[in-house]
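Enquirer: What follows is each chain in one-letter form.
Protein chains: 2
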Amino acid sequence: MKAEFKSYFTKLLGDDAKFDEVHKRAYSYDATRKHFLPDGVLFPKNEKEISEILKFCNENKIIVVPRGAGSGFTGGSLSVNGGVVLALEKHMNKILEIDLENLVAVVQPALINSKLQEELKKHGLFYPPDPASMDFSSIGGNVSENAGGMRAAKYGITKDYVLALRAVLPNGDIIRAGKRTIKDVAGYNLAGILIASEGTLAVITEICLKLMPLPKLKKTALGIFKSVDEAMKAVYTSLAKGVRPVSMEFLDNLSIRAVESKFQKGLPVEAGAILIADVDGNVEQSLDDDLKMLEACFKEAGASEFKIAKDEKEAADIWFARRNCSQSITVYGNLKLNEDVTVPRSKLPALLSGINEISKKYGFKIPCFGHTGDGNVHVNVMVEDKNDEEQVKKGHEAITEIFKLAIKLDGTLSGEHGIGVSKAPFMKLAFSEAEMNIMRAIKNAFDPNNILNPNKMGL
Amino acid sequence: MKAEFKSYFTKLLGDDAKFDEVHKRAYSYDATRKHFLPDGVLFPKNEKEISEILKFCNENKIIVVPRGAGSGFTGGSLSVNGGVVLALEKHMNKILEIDLENLVAVVQPALINSKLQEELKKHGLFYPPDPASMDFSSIGGNVSENAGGMRAAKYGITKDYVLALRAVLPNGDIIRAGKRTIKDVAGYNLAGILIASEGTLAVITEICLKLMPLPKLKKTALGIFKSVDEAMKAVYTSLAKGVRPVSMEFLDNLSIRAVESKFQKGLPVEAGAILIADVDGNVEQSLDDDLKMLEACFKEAGASEFKIAKDEKEAADIWFARRNCSQSITVYGNLKLNEDVTVPRSKLPALLSGINEISKKYGFKIPCFGHTGDGNVHVNVMVEDKNDEEQVKKGHEAITEIFKLAIKLDGTLSGEHGIGVSKAPFMKLAFSEAEMNIMRAIKNAFDPNNILNPNKMGL
Numbered sequence: 001m002k003a004e005f006k007s008y009f010t011k012l013l014g015d016d017a018k019f020d021e022v023h024k025r026a027y028s029y030d031a032t033r034k035h036f037l038p039d040g041v042l043f044p045k046n047e048k049e050i051s052e053i054l055k056f057c058n059e060n061k062i063i064v065v066p067r068g069a070g071s072g073f074t075g076g077s078l079s080v081n082g083g084v085v086l087a088l089e090k091h092m093n094k095i096l097e098i099d100l101e102n103l104v105a106v107v108q109p110a111l112i113n114s115k116l117q118e119e120l121k122k123h124g125l126f127y128p129p130d131p132a133s134m135d136f137s138s139i140g141g142n143v144s145e146n147a148g149g150m151r152a153a154k155y156g157i158t159k160d161y162v163l164a165l166r167a168v169l170p171n172g173d174i175i176r177a178g179k180r181t182i183k184d185v186a187g188y189n190l191a192g193i194l195i196a197s198e199g200t201l202a203v204i205t206e207i208c209l210k211l212m213p214l215p216k217l218k219k220t221a222l223g224i225f226k227s228v229d230e231a232m233k234a235v236y237t238s239l240a241k242g243v244r245p246v247s248m249e250f251l252d253n254l255s256i257r258a259v260e261s262k263f264q265k266g267l268p269v270e271a272g273a274i275l276i277a278d279v280d281g282n283v284e285q286s287l288d289d290d291l292k293m294l295e296a297c298f299k300e301a302g303a304s305e306f307k308i309a310k311d312e313k314e315a316a317d318i319w320f321a322r323r324n325c326s327q328s329i330t331v332y333g334n335l336k337l338n339e340d341v342t343v344p345r346s347k348l349p350a351l352l353s354g355i356n357e358i359s360k361k362y363g364f365k366i367p368c369f370g371h372t373g374d375g376n377v378h379v380n381v382m383v384e385d386k387n388d389e390e391q392v393k394k395g396h397e398a399i400t401e402i403f404k405l406a407i408k409l410d411g412t413l414s415g416e417h418g419i420g421v422s423k424a425p426f427m428k429l430a431f432s433e434a435e436m437n438i439m440r441a442i443k444n445a446f447d448p449n450n451i452l453n454p455n456k457m458g459l
Numbered sequence: 001m002k003a004e005f006k007s008y009f010t011k012l013l014g015d016d017a018k019f020d021e022v023h024k025r026a027y028s029y030d031a032t033r034k035h036f037l038p039d040g041v042l043f044p045k046n047e048k049e050i051s052e053i054l055k056f057c058n059e060n061k062i063i064v065v066p067r068g069a070g071s072g073f074t075g076g077s078l079s080v081n082g083g084v085v086l087a088l089e090k091h092m093n094k095i096l097e098i099d100l101e102n103l104v105a106v107v108q109p110a111l112i113n114s115k116l117q118e119e120l121k122k123h124g125l126f127y128p129p130d131p132a133s134m135d136f137s138s139i140g141g142n143v144s145e146n147a148g149g150m151r152a153a154k155y156g157i158t159k160d161y162v163l164a165l166r167a168v169l170p171n172g173d174i175i176r177a178g179k180r181t182i183k184d185v186a187g188y189n190l191a192g193i194l195i196a197s198e199g200t201l202a203v204i205t206e207i208c209l210k211l212m213p214l215p216k217l218k219k220t221a222l223g224i225f226k227s228v229d230e231a232m233k234a235v236y237t238s239l240a241k242g243v244r245p246v247s248m249e250f251l252d253n254l255s256i257r258a259v260e261s262k263f264q265k266g267l268p269v270e271a272g273a274i275l276i277a278d279v280d281g282n283v284e285q286s287l288d289d290d291l292k293m294l295e296a297c298f299k300e301a302g303a304s305e306f307k308i309a310k311d312e313k314e315a316a317d318i319w320f321a322r323r324n325c326s327q328s329i330t331v332y333g334n335l336k337l338n339e340d341v342t343v344p345r346s347k348l349p350a351l352l353s354g355i356n357e358i359s360k361k362y363g364f365k366i367p368c369f370g371h372t373g374d375g376n377v378h379v380n381v382m383v384e385d386k387n388d389e390e391q392v393k394k395g396h397e398a399i400t401e402i403f404k405l406a407i408k409l410d411g412t413l414s415g416e417h418g419i420g421v422s423k424a425p426f427m428k429l430a431f432s433e434a435e436m437n438i439m440r441a442i443k444n445a446f447d448p449n450n451i452l453n454p455n456k457m458g459l
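Each protein sequence line maps, in turn, to chains A and B. Residue numbers are given in the UniProt record's numbering: position 190 of the first sequence equals residue 190, and the series is strictly consecutive. Residue numbers are given in the UniProt record's numbering: position 145 of the second sequence equals residue 145, and the series is strictly consecutive.
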């Protein structure tokens, strides 16, 4: 990076502009474990500084990569082409306001999701989106990726809770999008296009979120099935009949066995699949009615067992298997190629049986688990030895087939993780040239010099 | 219009291309009662024809104005600069699919909202957005304006239910946006930017909507208050305490008196305001708990009476006042300047007291009613004689002050009706030059020749 650029940043930010190797390395990676060294790391204190940085970078064609917690799975915060990392975590991580009169929270982008949840709990409130990464991912990252989570089956995803944003455009202009109101139809839905834009259109500086009263009661049920097919039918038939579980999570046989082999919890290792469902509400009878309907649907689909947790301890035991899937399946290999395809719920049986075929064809174990209540399955192609290049190549071929299958079933490349760099090569499988063109035109409208997080999302 | 253009359209559409005066007049107006004659009216049969029309119009710089039911309040479907009206109502008004397995409906844009509701009811389902115009407004129009409705306080608005769209871009390209899934984070949120874009970015040809199981029970309550201020406090305190009414509707004294003078229903004409709240659910106790909490909050805010409807007949009687507000307030004048400003709920007392000041200052009666549960108030400046130019001018000045007040209170120009042409002059009150510029850049990205519904929304 040119000395004059460095001195501009240092003049503006003082000690919050870093160009040493340690900082550059520390901000060179994310949860993809890929590394790309940036040319510098900037820690802006406020929106005004971000505006000045972007204005300067736009004029001088310096690449800027915004970064929250760096916990993304697809490389959204990686500086793949160098430039400066705009690290928001140091100064822009606060809750600015919890407005109890209007049930909204106003937060800075690098606030960690679970910190907000903790604070809200004190007021009997919650913010529904709860990605698995909630203890370390930031709300700004959640908005940029349109994060989902366990509760999406009932409560929806991040975009359903963002009422308003403040953001800085690549040219340095500061904009507000949306209002602290449920209804606002004046002008284009700018917040709508910034959500899920993976930091490629603007730097989000403030987020206004809709909150919900925390339900007083929650119950957990477990269904055990002989086959994946039965479990998948149980998912969509129970939801179609009007049960509204908070979450309906799934583990296949490989996932169950993996957790059991690691933790010896007495899980049903002969089961083809298990489903874990939470229901919530304020009235006991309402939860009991839901569970009764759920039991009927599960049994009709072929469940061999249906169990309701008697207390929080039993509920935690049931959830233990789900929570420890991801780390346990490494028993099948030291390279996990994990993707988060999503299909309409009625297509889950076809998705899972197709994955089974792909598993046989390529000879990989492919444990699957995830948020079946909203059609979102975490598919894990396990490569036994990551140093075996041939195997790794075949693993990626298997992943490509899985994407093609999901899209054939009217599903999507990603339910939660976004595209970033990891999934960019697959965009052409899912989108037509016309669709790619209009996305490129939108990118160009916001960022004509292509300085903000360029070369992401296959654009 | 050039003869060669007419003959192209006639060749493409046959008898569905109309250039006679009767058709041009019939499609020259909407609910604003403003008239702008188009140069022709086209009734495309399908997406392919729409694509060909747009391609041709784009190449020949012919203006195209898409139109659903023409029931908009702000002129979104008016051909203010001539061109062809793309009238979807004739051929593109069908339910394509009700997918009971995934709880989604796929519909064409000109389908009337209530027709969908009727069909869904047979399956024990509903589509929550229910604008007052639901018996004659189209789903495509609802999406283009991001319509709200009575149930928005609990269930949200149109954008919360649109899972996916198909649309034709101004250059004729056909795109899909979103999937039949709750989660889809691949690529930009194109559906998000098309919603509320008032037919200026693309012609929507197919809409995939999320459905909900119809709650089994509903109850209606009425609160009578001495003052508007008390009623407004009751609104936001009850919602802040966790009551989740389906709707919480409001009538001020002028609105109550207007309905009473027209229908003699024995309404409380001395009351400062009334609130009407519906609660719903599947379990009696849950509704009763909500009503109990509501009563406590209403009484604490100063309600002199709280009444729960014993049966559907009583509920209908309570709702009668609200449903007949709009037509009744004409007792105060033959020109109604009605706007639908929205503020954060806690700002409702300040909004209503500010409107009271404006009423005194200008000497107009300004009856207010509406969806206070989501902060959306229908404000009606009543001009006694529409032929008195001086009065009409003053009426518009009063409206401008009301907009300024709403924006000062962190509210919006429009909660439901959109901007179109009617509110275009006020965009500068609400948006900065930077915000207008990025909206213009988005318009330009979609429609570089500015052929699709140009000169709307103040862009």
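Read the hints as simulated data drawn from the structure, not as lab findings. Nothing here was measured: the structure is a model prediction, and the numbers come from that model. Ideal Cβ placement from N, Cα and C applies to all residues, glycine included. Warning: the hint list may mix true and false statements.
Partner residues aside, some chain B positions facing chain A, computed with beta carbon under 10 Å [as the list claims (entries may be wrong)]:
#, residue
1, A152
2, A177
3, I195
4, D229
5, G333
6, L337
7, N338
8, K347
9, H371
10, V421
11, K423
12, E433
13, N437
14, P454
15, G458
Enquirer: Now, for every hint given, state plainly whether the structure supports it.
Expert: Evaluation of the provided hints:
1. Contact between A152/B and chain A, as hinted, is supported at the beta carbon level, the nearest pair being about 6 Å apart and thus within 10 Å.
2. With a least beta-carbon distance of about 8 Å to chain A, the hint placing A177/B at the interface is held under the 10 Å criterion.
3. The interface hint given for I195/B is met, as the beta carbon of that residue sits about 6 Å from the closest beta carbon of chain A, less than 10 Å.
4. Checking D229/B against chain A by beta carbon gives a least distance of about 15 Å; that is not within 10 Å, so the hint is violated.
5. Nearest Cβ of chain A to the Cβ of G333/B: about 26 Å, over the 10 Å cut. The hint is violated.
6. Taking 10 Å as the C-beta contact cut-off toward chain A, the hint placing L337/B at the interface is violated, the least distance being around 18 Å.
7. Violation of the interface hint for N338/B is found here, the shortest Cβ-Cβ separation to chain A being roughly 15 Å, above the 10 Å cut-off.
8. For K347/B, the interface hint holds, since its Cβ comes within 10 Å of a Cβ in chain A; the closest pair sits about 8 Å apart.
9. The beta carbon of H371/B is positioned within 10 Å of a beta carbon in chain A (closest approach about 8 Å), and the interface hint is therefore held.
10. The beta carbon of V421/B is not positioned within 10 Å of any beta carbon in chain A (closest approach about 14 Å), and the interface hint is therefore violated.
11. Look at K423/B: its Cβ gets to within about 7 Å of chain A, closer than 10 Å, so that hint holds up.
12. Given the 10 Å rule on beta carbons, the hint for E433/B holds: about 9 Å separates it from the nearest Cβ of chain A.
13. For N437/B, the interface hint holds, the least distance from its beta-carbon to any beta-carbon of chain A being 7 Å, beneath 10 Å.
14. With a least beta-carbon distance of about 15 Å to chain A, the hint placing P454/B at the interface is violated under the 10 Å criterion.
15. Taking 10 Å as the C-beta cut-off, the interface hint given for G458/B holds, the closest approach to chain A being about 8 Å.
This entry does not satisfy hints 4, 5, 6, 7, 10, 14, going by the numbered hints stated previously.
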